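Visitor: The residues making up each chain are set out below.
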Amino acid sequence: MTAISPISGATPAPDLSVLTVQNLTVSVTTEMGAKPLVRDLSFTLKRGEVLAIAGESGSGKSITALAIMGLLPPNVAITDGGVRLGEIAISKLPEHQMRALRGDRIAMIFQEPMTSLNPVMTIGAQLVEAIRAHTVTSRAQARLRALEALRAVRLSQPERRLDQFAHELSGGMRQRVMIAMALALRPQVLIADEPTTALDVTVQREVLDLLRDLQRDLGTAIILITHDMGVVAEMADRVIVMQNGAMVEQAATRTLFAQPQAPYTQALLSAVPRMGSPARPAPDGAIVADLTDVSVRFAMRGGVLGRVSHQVHAVEQVSLQIRKGETFALVGESGCGKSTIAKAIVGLVPHSGRITIGERALSDLDSAGRKDLRRQVQMVFQDPMAALDPRMRVGDLVSEPLLIHGIGDAALRRAKAAELFTRVGLSADQIDRYPHEFSGGQRQRICIARALALNPQLVIADESVSALDVSVQARVLDLLRALQREFGVAYLFISHDMAVVENIADRVAVMYLGQIVETGTRAQVFTNPQHPYTQRLIAAVPIPDPTHIRPPVARLSGDVPSPVHPLGQGPLKLHLTDIGQGHLVAR
Amino acid sequence: MSVAVAEPIRPAGPIRRLMRRKLAVLGLVVIALVLGAALAAPWLVAYAPEEQMFDGLTLEGAPMPPSAAFIFGTDLLGRDLFSRIVYGARTSLIIGVVANGLSLLIGTAVGLLAGYFKGWIGAVLMRFTDLMMAFPALLLAICLAAIFQPSLWIVAMVIALVNWVQTARVIYTETSSLATRDFIAAERTLGASTGRILWHHILPHLLPTIIVWGTLGISTTVLLEATLSFLGVGVQPPMPSWGNIIFENQTYFQSAPWLVFIPGAAIILLALAFNLVGDALRDVLDPTQRGRG
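Order-wise, the sequence lines are chains F and S.
The first sequence runs 504 to 1090 under this note's numbering.
The second sequence runs 875 to 1167 under this note's numbering.
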């Protein structure tokens, strides 16, 4: 395969297409016969171009990528049309020839870098193996190339990384390794399937910058598969929008965002949460939840005797108040402790400090009091499928809180479940179905209905819309707002998505390493961010506007400091200073 | 404000859906036949199972192959094999169902509690399970059976007491992973009691595993009983059980194969029948499998 020379960035041939997809139809074999997943898809990819395939879950965008790579699952096959890489019809190649091309001329990176790396091989060994699978070189030379690839993706301390294992790296570093692996052989085409979806927003920024640099320097053509229109706007030259397995629109990125033709594209773009929504007055009701100096620490045991040697300071002396009828958002990146606060409030993890719900402090309650308190605070989880017992009928799930708290008889509970179903926009005659018979958005509605069954004062929404498609996400956010108006419920809204937070929140607190670094009303935090971390978070959000020119921001290197401290030591407590009208910033 | 709701639509009860599966019905028929035979044993057989008949041996003193008089042949002592198989069904059913069921119960309870509570409860329970595992089961069974006066029920208890450990291990692992799932956390935030979580939200998910181990356990326990009987600490002769018929006669396998084949086939048939029913039951009871055949 080395006979095919690696492409050189020095001689770009602008209009040369490297990949042609012609009338591609991919079908899955089911008991009811063949069912098409991708229908009659045609496009070409030019050298050095970034083509985005955008669409919601089930649109067939990932299946298209797998079909191009020849990695379709066993019961799925190309039933019509084909894929050409240069002059080779790769969809007709036998597996052993395709294997030689894969990695060498066409490479792929996946959403979840942890599962794509072999956990029992060092990074270096995996890179060397990938290189030596396609080129005849010595182990030492392959190692040099591996090192070069790690440098190219700007991984810190590349020499050390070669001898590390996947679990020793952070998510962003792992994705860099995946990109290094994909690019070590300088393929002509790189398929990136949701490469940044599992990453934090600042890490996403770095990975996107990196992909763009590589495309520019090496002339690699990239197919970027994503559901995030912000990423599309920032990265792509051209966009294909897919829906239900078919292409609904294809256009240059600027044209598509300026004048979307297909109704579906218009709907998709209008559902994208954008920064800069109009301000609304923050509600000033009674305090529903009051947290004072709340800390959550997890013990890490070490040594022969299993004594506690270190502690993870997941949440460190956090104070905040949530008022009736308001939406209080906690934002921050993974591991900052925002979900741990939620778990402490609902009593899933032990805490120190004082949490007061209504009039009563959590720590003063006996078990009956704690059970009673559950009626006041409810939680909606991130993944609705995981949060619903798959063996129970949804009606029973929604009315279960009433059963647990001994409210009403079977007939009343059933009627209440039906009523809640209609309230969250589902049909009352669906209550005898099982969770797997619903779509993701519907399942989240079921979770919301369950959370509302006891008329709580506070609902904690832990990344509750993160797993949903944008159009579904927009509808669920609308529903949350409508329910807030109707029931006067307060939300603690936990999210990593700044755009969503900016849309729904009344007040915002930004968390970093277990502490709040900035808090205030939405307008204060978003229009006048003071803490450097807040500024970085806001700047990193991809903006769904291709004409937007990103101001140059210094690229960060190095890792987030660790929240693990030896016993008896801890992080310095940040002191928040009021810079005016309740806008608190850590100095 | 209330909304009128139709009565729950229950398309077909689990029993009806079970009856739609041919293999499951076949299994049920076999189980019913064995059960019926065990209950009606005195009316089914022509000779008492312990009766050593002069006619039951050839002139050379060898057992007789199946014939019109003795449809399953006779054994070394001239006893009618058919009678012994029919009466043996009683023993084997008690061992395979009662002893196995009891061991499943113990194993599930231990695994469930250890897996959900972790902490010191889990540590104590699981270390005890490991201890039991490390002990050779047969040795333990011999010790227990030697201490107590051997009888059918004692043998059943002994088998239950040594056989629960594997089930406990498997249930423990599964419960530990279920306990970390979001829907369990969701139940806890709703204020559900521990009992409710274990009974309504964890146990139903363990049913497939329990059923698989239950059906696998039938042949294991029947054979364990046979081993104990062979060693003289199980069911006391002349009382027949399918296992001890095999063990009594295995040395004559070459000259009188039916003495091993017929009780062996009976064990396989019973285990297979429970397996078929168990398999179908697992699918029928799983709501996520509905409509997937």
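Hints are computed from structural coordinates only; laboratory data are not their basis.
Incorrect hints may have been included.
[Stated by the list, open to error] Here chain F is said to cover these stretches of chain S; the calculated rule only asks that three of the stretch's residues, wherever they fall, bring their Cβ under 8 Å from a Cβ of chain F:
no., segment
1, 1004 to 1012
2, 1059 to 1069
3, 1150 to 1162
[Claimed, not checked] The list that follows gives simulated cross-link-like pairs (lysine-lysine, BS3-like), each with its CA atoms no further than 27 Å apart:
no., chain 1, residue 1, chain 2, residue 2
4, S, K992, F, K874
5, F, K549, F, K595
6, S, K896, F, K846
7, F, K595, F, K538
8, F, K827, F, K846
9, F, K846, F, K874
[Said to hold, decoys possible] Derived coverage of chain F by chain S (criterion: at least 3 residues anywhere in the stretch with Cβ under 8 Å from a Cβ of chain S; other residues may be distant):
no., segment
10, 882 to 894
11, 904 to 914
None of these values were measured; they are calculated from a predicted model.
C-beta: ideal position from N, C-alpha, C; glycine also.
Visitor: So, for every hint listed, does it hold in this structure?
Guide: Now the hints, each set against the structure:
Evaluation of the coverage hint for the segment 1004 to 1012 of chain S: breached, as 0 residues show C-beta separations to chain F shorter than 8 Å, against a requirement of three. Note: the segment 1059 to 1069 of chain S has 9 residues with beta-carbon separation from chain F under 8 Å; the three-residue rule is met and the coverage holds. Taking a C-beta to C-beta cut-off of 8 Å, the segment 1150 to 1162 of chain S contributes 3 residues in contact with chain F, enough for the three needed, and the coverage statement holds. The hinted pair formed by S:K992 and F:K874 meets the criterion: a straight-line CA distance of about 22 Å does not exceed 27 Å.
In summary, the hint linking F:K549 to F:K595 is supported, as the alpha carbons are separated by about 21 Å, within the 27 Å threshold. Using a Cα cut-off of 27 Å, the hinted pair S:K896 and F:K846 is violated, with the two alpha carbons roughly 49 Å apart. Distance check on the hinted pair: F:K595 and F:K538 sit about 21 Å apart at the alpha-carbon level, within 27 Å; holds. Restraint check for F:K827 and F:K846: satisfied, since their Cα atoms lie roughly 20 Å apart, inside the 27 Å limit.
At most 27 Å may separate the alpha-carbon atoms for a hinted pair to count; F:K846 and F:K874 meet this at roughly 15 Å. A count of 10 residues in the segment 882 to 894 of chain F with a Cβ less than 8 Å from any Cβ of chain S is obtained; the coverage claim is therefore met, three being the minimum. Restraint check on the segment 904 to 914 of chain F versus chain S: 3 residues with Cβ-Cβ distances below 8 Å, three needed, restraint holds.
In this structure, the hints that do not hold are numbers 1, 6, in rising order.
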